[in-house]
Amino acid sequence: MTVAASEAYGRGRFARARRGYDGVVLAVPVTVPYQRYSIEAAPWWMGKALRALSEGAGISHREFDGFSVASFTMGPDVAIGLTQHFGLSPRHIDHVPMGGAAGIVSIRRAARAVQAGDADIVACVAADTNRVDSFRHLLAGFSRFSQDAVYPYGAGGANGSFALIARHYMDTYGARREDFGKLCVAQRDNALKNPNALMKKPLTLDQYMSARPIAEPLHLFDCVMPCAGAEAFLVMREETAQELGLPFVRLLSAIERHNAFSEDPVQVRGGWVVDRDELYGMAGVEPSDLDFVQTYDDYPVISMMQFEDLGFCGKGEGANFVRSNTFTIDGTIPHNTSGGQLSVGQAGAAGGHLGITEAMRQLLGTAGGTQVKDAELGIVSGFGMINYDRGLASAAAILARP
Amino acid sequence: MTEPLPKPKRKNPLARTNQPLLPPSSRSRKAHGFTRAAAHGRFMLQRCDECGQYTYPTRDACPNCLSSNLPFRDAPASGTLLSETQIGVTSDPYYRERMPWRAGLVKLDCGPTVVAHLHGDCGGPGSLLTLSLQLDRAGQAVFFGKPLSETPHMEDDRQLRELTADPKHRRILLTDGRSSLAPPLVQALKKAGAAKIFVGIADRWKPFDGRAALEIIEGVELVDLDLTSERSVQDLAKDIGAKVDILINTADHVRQVHLFDAGAAASARDTLDHTLMGLMRLAQAFGPVVRSRGADGVNSAAAWVNVLSVHALSSVPQFGIHSASQAACLSLSQWLRHELRQGGVRLMNAFAGPLDAEWFQTVPPPKLAPKTLADAIVDGLKRGLEDLYVGDVAKDLEARLLDNPKAVEREAGQ
Chain A
1 MTVAASEAYG RGRFARARRG YDGVVLAVPV TVPYQRYSIE AAPWWMGKAL
51 RALSEGAGIS HREFDGFSVA SFTMGPDVAI GLTQHFGLSP RHIDHVPMGG
101 AAGIVSIRRA ARAVQAGDAD IVACVAADTN RVDSFRHLLA GFSRFSQDAV
151 YPYGAGGANG SFALIARHYM DTYGARREDF GKLCVAQRDN ALKNPNALMK
201 KPLTLDQYMS ARPIAEPLHL FDCVMPCAGA EAFLVMREET AQELGLPFVR
251 LLSAIERHNA FSEDPVQVRG GWVVDRDELY GMAGVEPSDL DFVQTYDDYP
301 VISMMQFEDL GFCGKGEGAN FVRSNTFTID GTIPHNTSGG QLSVGQAGAA
351 GGHLGITEAM RQLLGTAGGT QVKDAELGIV SGFGMINYDR GLASAAAILA
401 RP
Chain B
1 MTEPLPKPKR KNPLARTNQP LLPPSSRSRK AHGFTRAAAH GRFMLQRCDE
51 CGQYTYPTRD ACPNCLSSNL PFRDAPASGT LLSETQIGVT SDPYYRERMP
101 WRAGLVKLDC GPTVVAHLHG DCGGPGSLLT LSLQLDRAGQ AVFFGKPLSE
151 TPHMEDDRQL RELTADPKHR RILLTDGRSS LAPPLVQALK KAGAAKIFVG
201 IADRWKPFDG RAALEIIEGV ELVDLDLTSE RSVQDLAKDI GAKVDILINT
251 ADHVRQVHLF DAGAAASARD TLDHTLMGLM RLAQAFGPVV RSRGADGVNS
301 AAAWVNVLSV HALSSVPQFG IHSASQAACL SLSQWLRHEL RQGGVRLMNA
351 FAGPLDAEWF QTVPPPKLAP KTLADAIVDG LKRGLEDLYV GDVAKDLEAR
401 LLDNPKAVER EAGQ
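Residue numbers (the numbering used here), protein chains in the order written: chain A, 1 to 402; chain B, 1 to 414.
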């Protein structure tokens with residue numbers, strides 16, 4: 001390899017300054033309320049989401065000339081097949097099979113498409129169904145590396161893999177279960193104000209601590225509940241939103257980075273670290289300017305890593321950061337204000353879109369019971385695809401009230 | 001510290017027999033490089049032939065230099081435990097019955113990080129481990145981590161026992177008590193903790209050397225078994241079939257006949273009746289019950305062993321009919337392996353060179369001492385192997401066949 005080690009990450013030697021996302025906006029956040037199990041297929045949920053987008057925008061879905069879809073359960077269909085299913089005729093089409101990073105990745109791609117005029121209105125849809133036995137099949141066949149080298153070892157699925165990451169993180173940095181519990185309890189508090197959350201009962205730290213083990217050190221409330229559901233939003237140019245009379249939020253900056261730090265023997269950081277200076281630089285803001293944080297919370301240890309990797313504290317300081325802050329809607333760091341996946345449910349690939357639609361509502365002032373007072377600026381983060389021993393995809397975006 | 005495995009209680013005849021389930025068995029084709037290594041008890045990883053880097057999980061291109069030249073090579077099996085978990089909940093039915101399950105992330109000294117099953121005696125993160133490749137109940141290769149040095153009753157670890165066919169507390173059937181292999185095999189199995197050894201004898205009225213020695217060993221029971229008689233095989237299966245946890249087919253039939261001899265076809269039929277058809281009769285009578293008992297507690301059915309001549313793999317003219325019969329047995333053995341795997345029961349083929357016994361009187365050394373073969377079989381069961389090449393002749397032939405099978409063919413009989 002001729003690429004110097006110093007260039008292996010971050011900006012390559014051919015890099016030049018990235019163009020901003022000027023004039024790119026997001027509108028019409030849609031959540032199709034989740035169900036624990038569904039007898040319907042993924043396209044049923046996508047159809048619901050598309051209809052809600054169309055009604056929300058006040059135009060026919062045939063006017064969406066961009067279509068970006070994320071789903072684990074849409075097989076054997078691909079995005080192109082779904083255009084026929086839904087009567088779409090797009091000129092920008094995208095299938096973003098990146099799990100929890102799919103939402104932000106679709107924003108990035110859609111943003112460039114509308115900026116360049118390749119599309120005017122991109123419908124970004126994530127939907128998954130959850131049949132009684134479908135999660136087992138998803139785990140068993142998740143990836144070749146997982147099938148060959150992870151699933152045969154106790155078949156713990158993502159829980160087993162993140163248990164290894166969590167145990168190592170705890171051993172290395174001194175995080176305790178109580179610290180993870182604090183995040184989970186705060187999110188449950190938030191979820192009680194969100195009518196769409198599947199979890200309806202309060203959670204105490206005692207309940208968190210005494211919950212049954214799932215894969216040590218993970219216990220029941222460290223794990224998301226797989227469910228069926230859909231999340232969606234529209235990406236367009238500001239002028240289009242104004243023409244349609246739609247309230248919108250601005251995209252200030254967005255990053256993605258995949259398979260970063262592959263030399264770390266166990267994952268202790270994600271790709272955000274590589275590009276976060278650019279994330280904040282492009283947006284012209286600092287972490288302390290943000291009014292709320294929506295992390296990707298498939299497990300609280302991953303949220304803790306994001307606090308570090310997104311610059312809220314240094315590496316290894318996540319536990320202390322959690323101890324010295326509060327994370328409810330009225331907390332010092334309003335975090336996963338919808339309740340997050342841990343308390344709303346994880347609708348497959350829609351899990352990464354959940355933070356986006358919630359962030360949009362916060363900035364549009366339509367978050368209802370979960371509204372953070374005077375929210376003007378927020379960050380949303382995505383993470384996904386535990387292909388073998390670590391999550392490969394990481395992404396983040398900063399959104400602002402106009 | 002591993003608790004010694006308690007002797008199983010007598011089975012309640014009214015209790016339902018647990019149905020065998022298999023661990024997840026989907027693998028990419030490349031991953032079967034590990035299947036081969038595990039079947040032979042070797043520790044191998046993909047290593048790039050261009051840049052020398054070991055890689056895992058199995059890939060089709062080297063992540064360091066993108067070479068597609070990634071053969072499986074013997075690799076150092078030591079590493080350090082980085083992290084571990086006890087999985088308590090799974091949606092997989094096999095593991096669900098076996099929760100909690102200990103697994104960990106191991107950094108191999110040669111580079112890659114592997115997820116491995118962990119022996120109960122392994123220390124926590126930071127401990128040094130030795131890894132092995134084992135075949136699981138589905139016949140698929142998995143990594144198993146254990147402490148660097150032996151611990152008491154190590155073989156009784158419940159996760160390890162899923163990956164072996166250890167004779168401890170198990171009941172064995174040897175099909176041919178007249179074989180020179182029988183006495184040392186009985187001794188080796190006893191030493192390994194076998195609970196009971198049935199030894200099949202055809203025509204019990206005919207005396208043979210070693211009978212007295214067999215009879216006086218505690219836990220040995222001589223039983224009528226004539227592999228050339230369907231009735232005899234069926235009768236024995238009805239009698240003891242549900243009590244056979246490991247079946248070791250030691251039957252052989254060696255006659256030196258020239259291909260052009262007038263009686264060659266009749267001799268061949270006779271040999272095939274004892275060997276191929278004998279195995280077929282055994283498979284039909286014992287196969288179904290053995291397969292159904294793959295998850296029947298501490299003394300579940302665990303393995304079926306076929307002792308074969310290494311000339312099953314390539315004919316040797318002096319023993320042409322024998323070679324042909326052994327080749328046929330090998331083929332049948334692969335079929336039987338497929339059937340037994342569905343019950344989580346492993347099939348081990350022990351390929352041997354000529355034994356130092358009467359029927360190979362004319363063969364020059366090196367010849368294989370029956371005790372060496374017996375010890376190798378028991379060792380193979382304890383390690384959960386699938387193919388054994390025992391003795392210098394068998395190992396030599398295996399290596400030469402890998403190198404150039406045509407050379408083996410031309411040089412045979414010279």
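Everything labelled a hint here was simulated from the structure, so no lab data went into it. Some hints could be false.
Unchecked claim - Derived coverage of chain A by chain B (criterion: at least 3 residues anywhere in the stretch with Cβ under 8 Å from a Cβ of chain B; other residues may be distant): (1) 141-153; (2) 165-173; (3) 201-214.
Idealized CB from N, CA, C, for every residue including glycine.
Quick rundown of the hints versus the structure:
1. 141-153: holds (count 10)
2. 165-173: With 4 residues closer than 8 Å to chain B, the stretch 165-173 of chain A meets the three-residue bar; holds.
3. 201-214: holds (count 3)
Of the numbered hints given earlier, the model fails none.
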